[in-house]
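In the order they appear, the protein sequences are chains A, B, C, D, E and F.
According to this note's numbering, the residues represented by the first sequence are 1 to 238, in order.
According to this note's numbering, the residues represented by the second sequence are 1 to 238, in order.
According to this note's numbering, the residues represented by the third sequence are 1 to 238, in order.
According to this note's numbering, the residues represented by the fourth sequence are 1 to 238, in order.
According to this note's numbering, the residues represented by the fifth sequence are 1 to 238, in order.
According to this note's numbering, the residues represented by the sixth sequence are 1 to 238, in order.
Do not take every clue at face value.
All copies of an identical chain are treated as equivalent in the list; a pair is satisfied when it fits inside any one copy or across any two copies.
[To be verified] Listed below are the simulated DSSO-like cross-link pairs for lysine-lysine, each with C-alpha atoms no more than 27 Å apart in a straight line:
1) Lys154 with Lys209
2) Lys19 with Lys133
3) Lys133 with Lys154
4) Lys209 with Lys133
Worth flagging that the hints you see were computed from the coordinates, not collected in a lab.
Protein chains: 6
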Amino acid sequence: MEKRIETNKMQMNQLGIVKRGIDRADAAAVAQLAGFGVATIHEAMGRVGLMRPYLKPIYAGAHCCGTAVTVLLQPGDNWMLHVAAEQIAPGDVVVAACTTDNTDGFFGDLLATSFQARGARGLVIDGGVRDIKDLTAMQFPVFAKAVSAKGTVKATLGSVNIEIVCGGAVVHPGDVVIADDDGVVVVPAAMAQQVADAAAAREANEAAKRARLAAGVLGLDMYAMREPLAQLGLRYVD
Amino acid sequence: MEKRIETNKMQMNQLGIVKRGIDRADAAAVAQLAGFGVATIHEAMGRVGLMRPYLKPIYAGAHCCGTAVTVLLQPGDNWMLHVAAEQIAPGDVVVAACTTDNTDGFFGDLLATSFQARGARGLVIDGGVRDIKDLTAMQFPVFAKAVSAKGTVKATLGSVNIEIVCGGAVVHPGDVVIADDDGVVVVPAAMAQQVADAAAAREANEAAKRARLAAGVLGLDMYAMREPLAQLGLRYVD
Amino acid sequence: MEKRIETNKMQMNQLGIVKRGIDRADAAAVAQLAGFGVATIHEAMGRVGLMRPYLKPIYAGAHCCGTAVTVLLQPGDNWMLHVAAEQIAPGDVVVAACTTDNTDGFFGDLLATSFQARGARGLVIDGGVRDIKDLTAMQFPVFAKAVSAKGTVKATLGSVNIEIVCGGAVVHPGDVVIADDDGVVVVPAAMAQQVADAAAAREANEAAKRARLAAGVLGLDMYAMREPLAQLGLRYVD
Amino acid sequence: MEKRIETNKMQMNQLGIVKRGIDRADAAAVAQLAGFGVATIHEAMGRVGLMRPYLKPIYAGAHCCGTAVTVLLQPGDNWMLHVAAEQIAPGDVVVAACTTDNTDGFFGDLLATSFQARGARGLVIDGGVRDIKDLTAMQFPVFAKAVSAKGTVKATLGSVNIEIVCGGAVVHPGDVVIADDDGVVVVPAAMAQQVADAAAAREANEAAKRARLAAGVLGLDMYAMREPLAQLGLRYVD
Amino acid sequence: MEKRIETNKMQMNQLGIVKRGIDRADAAAVAQLAGFGVATIHEAMGRVGLMRPYLKPIYAGAHCCGTAVTVLLQPGDNWMLHVAAEQIAPGDVVVAACTTDNTDGFFGDLLATSFQARGARGLVIDGGVRDIKDLTAMQFPVFAKAVSAKGTVKATLGSVNIEIVCGGAVVHPGDVVIADDDGVVVVPAAMAQQVADAAAAREANEAAKRARLAAGVLGLDMYAMREPLAQLGLRYVD
Amino acid sequence: MEKRIETNKMQMNQLGIVKRGIDRADAAAVAQLAGFGVATIHEAMGRVGLMRPYLKPIYAGAHCCGTAVTVLLQPGDNWMLHVAAEQIAPGDVVVAACTTDNTDGFFGDLLATSFQARGARGLVIDGGVRDIKDLTAMQFPVFAKAVSAKGTVKATLGSVNIEIVCGGAVVHPGDVVIADDDGVVVVPAAMAQQVADAAAAREANEAAKRARLAAGVLGLDMYAMREPLAQLGLRYVD
């Protein structure tokens, strides 16, 4: 009998839990990060933290930046998104994973209305969503694996605000999540300011490069690539 | 020799047939269904009849509702779409499946012109289409598995107005087919009015819910979810 | 209120139903069909009734033939397979579809033990299975979309012995289902004898052809293809 | 030792090479081809030269036509795109393949700025791109397999202006590449004028057909299909 | 300039690192876990920690259990697998992820020989492998996303023994990794004994169930499912 | 009218052609290449000429080496395989591409019997095949994209012995094609001896390496990797 209790306890470590009072990344750093694109932030991070490219915006130009409220869903069941709504603070982005591959429409205009009322800035979901027309009209940014009109039930427990893997990336509650046309990137809460600074440095750097390239300077010359290419054996033939 | 004839007869039960004079769903019910989205109708149906989410609109905002003229195609061959054109009545949606997986461009602006002239409201096709620019300019709604410039031949027989499986769903000629950004759903002709009524009831219901959620009421409270969640063992931790 | 009842009734037409006392295809015809491969039967059918090629045997050489007990599953939930077990008669093959795309491990060695005890000859499932090692040792033939150790819950209702779409093909309870290394084909119960006869005719025919081809006769000559090819414009160049 | 040299020479035939001074298709023919859609040109070519449909425009309406500068990339490495920039002449389209399947973001706004400054009309890439927002704002047409913020390194050699396979089609430097919403097609340089003429003939032909179809004439009659269909055994039933 | 240093430091937190002296799960617990299948352990874990089902054994019956040495690879580059070899202790399983989707053949018979000489029990890799014939002859168990003869370079840095995401699951160095025909599951090092105990309890439990099911008892009765099914509205019809 | 003739001539350049009397690679070189695996030959080629990894053997251990007879198929139509049979000389491998993505079963035991009688050593096909059980019993090696019982018609022209793209690789008639568990590689006819020599050199080299690695020598030392890794900044931490 004790074995069974141990098993249940173990499971309870990850399923059936709602963590309140999470530590969110510094608001000022989040505000700075909101000014950069996903590609720039990913570079500034040292090229880690990017979700896989199958997560796509539901309308062209969708973008958001905020602190993660994480959700672990069961297939065909969106109950935990309702539970998560209560944990949303203004400026949050809900990030939802599923215990298995599933494309059901976990999220639609009613939940979006509720999330927006709570101050959520967007949703990233490793699953399906529906009510695309309404979500687009509301300009509520959603990044999802699929669009599906298939609804879900409310029958099994997942969790809110535990560590999850979404689109192949680890997300902790409170991390900064930035999403745009190029994809979705996660910045660990503790690194938010550092990454914002690095992104700013990078962007400043890029403006100068862009001007030179627009003037016809070749990257081969601007980046001094000709010598290393020749050393590796690149040959020009006519 | 008689065996061979039997075989041919059997095949003829499903290939090489054009059924005329199909029974279409009640026009008034179809008109009512046209006022609802696919997600709402799918719910009103009891969550059956939805096509798989790989069928996508060729332009954002494409939507249509009408009675099905069904087509069974052979791979790389669009002959039966020409045969189907003659069977289109104003208000129909052509629904085309293929005997195997194939992404060729079975349909383009010429067929669309013909279909439109016959009164068709759209096309749902478990295959590829082309002339996207023209189809978009014509605002002829198409829901397809792929876009491909690859043309097709006119060499082998399929059928028109037989039972088909399109996007994983069974479609009979005369069924109501509704398609929008959320996907494609099939309503059996005999259930059209019943589903339209259920959709109307559901939609009325949703408006009230949306208002409460927009005012900040949580789904947890509005749907009385807290107790069943607690009974299943959901724990809040800080 | 009445609307809601109507809706529920409608849903009940397809979900939450177990049909007992189904009409199975003629046993003698099924026995004959068991002697042919899927490709032969599919040809004998006039090339209809084939499931999509993503359904694969879990071990090389798996094959089965029997009458269908159909199951409609919900994602992540295998409850209806337990319900179906009671409806299995000796000689049946269980054919399971899901209301949405899902790869969870709906079926493993315990259910296989139960199915085998009831006389089932195999399982075809548009979803995932697990316990591959045990199922292989039992030589219980399974044709599935995926292998996944992910277990399922028992929380939501589907149906048993209703019309389903599995692997893109329509299956009615009692239809003959034949599965081998080449795929899975469905023979409507009413056509079982006719298809068995046509398959026999075809197979006899093939033996003679095989002998001639093995002796070096070309299909070009055996099938008299040279003239129609030339008429279409085939050119030989050196 | 000599063996090793031979091996290196062999490899050098395809990797580590930049061909300058390529023979581009006739400019007047390219200008004519720019007036036709991909589907029309593909038909005029006799239905060859089309890339697979997984290459998609990064924004609706993107289209381009030009002479190919070809690039062979290594996975996760965009160095050769910088090398290719120098080989671009006004009116070129860069066509990039990769030695293996890879979805990294090989190309973004800086390279686009450089390419545009060199006179490039677009990019076709069997890989990923990023900076979608900027590329859209620049209206620089890109046709790609994926969108990914994942950056690339500059560490390994590929080649520029060798024969490549992109999207399943062979491309030689100097060939004409036309891309629009329907896909991407390659016209061998030597056939450019011939194909342009055939496309013009075809398009003239289509306008007349479109008018008749719009007036309600059926393709069945316009193309005289009724007799061949009847001969193959098409049956009309009521 | 300081900004750049910060950026580099940040990147260095995750790339270019080899952690020595990792804490491996308790050897006795690992030995016990080796006696159970992946499905059993996944259940005993409370259904968490499973990798996605696209990771497949390269030969039927491959299985392994050991402590994780983790590797983060760059696309098309297997240098870090050589670095990882030195960190292998007898009883380890190497678990390799890649910074992006890539199917190159990162691993073949030479590395397998080296890994085996170091005492490795297997490899789990979110990428491609080659030399399948040799690996099968060596009976070195490998679970991979793809098979590809495409070799890799040694040009860019990844890391060894950092936290990685492989097949959608988080893996820390020293965790227990169990892989068989059903998939791959990760047991956090600290939970190894607890999970081994729970798996043992579960397995004992299963033997009794299997015997009853083999004797013809229905799961409906054995699990007392009839009443909850009836309460949810399951109806039997004839 | 002349335009139309030009168009037809152009199409005839690639469709509706059978080239006889092709130049096959040197038989002695082919015999030598047959002794090496695909991965070794791919390396010896300088890592070019590999087909994409979606082409898979239909039974474990299938392998073949021979000179290519190439076939271009139309979707759902295997007529050209019959035409190709006549062009097979002992020692050939048939390599078949399709003008579009299609998974139909183009090839089965009858054609295999014919091919084998003509001396063919195997088939590589960018499409589907069937009769897996028979083909395995015959030990006729086939590498295919899919297995499907779906048969094909004989209605449209493709070509035999023209340049094709199969699995993403260019194949000319007479090239050497080697296929095994690791994939399929193409060696241009003119390079056959050179590649065979390079493969031999490489293999000799590998045996020595394997022995050292088996004795516990690390690749880090054997390949002198420690210094370049340190220079790139690899850090060891405890």
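Cross-check of the supplied hints:
no. : hint               : verdict
1   : Lys154 with Lys209 : between (53 Å within a copy, 17 Å between copies)
2   : Lys19 with Lys133  : neither (33 Å within a copy, 36 Å between copies)
3   : Lys133 with Lys154 : within (24 Å within a copy, 34 Å between copies)
4   : Lys209 with Lys133 : between (40 Å within a copy, 18 Å between copies)
In summary, the one numbered hint that this structure violates is 2.
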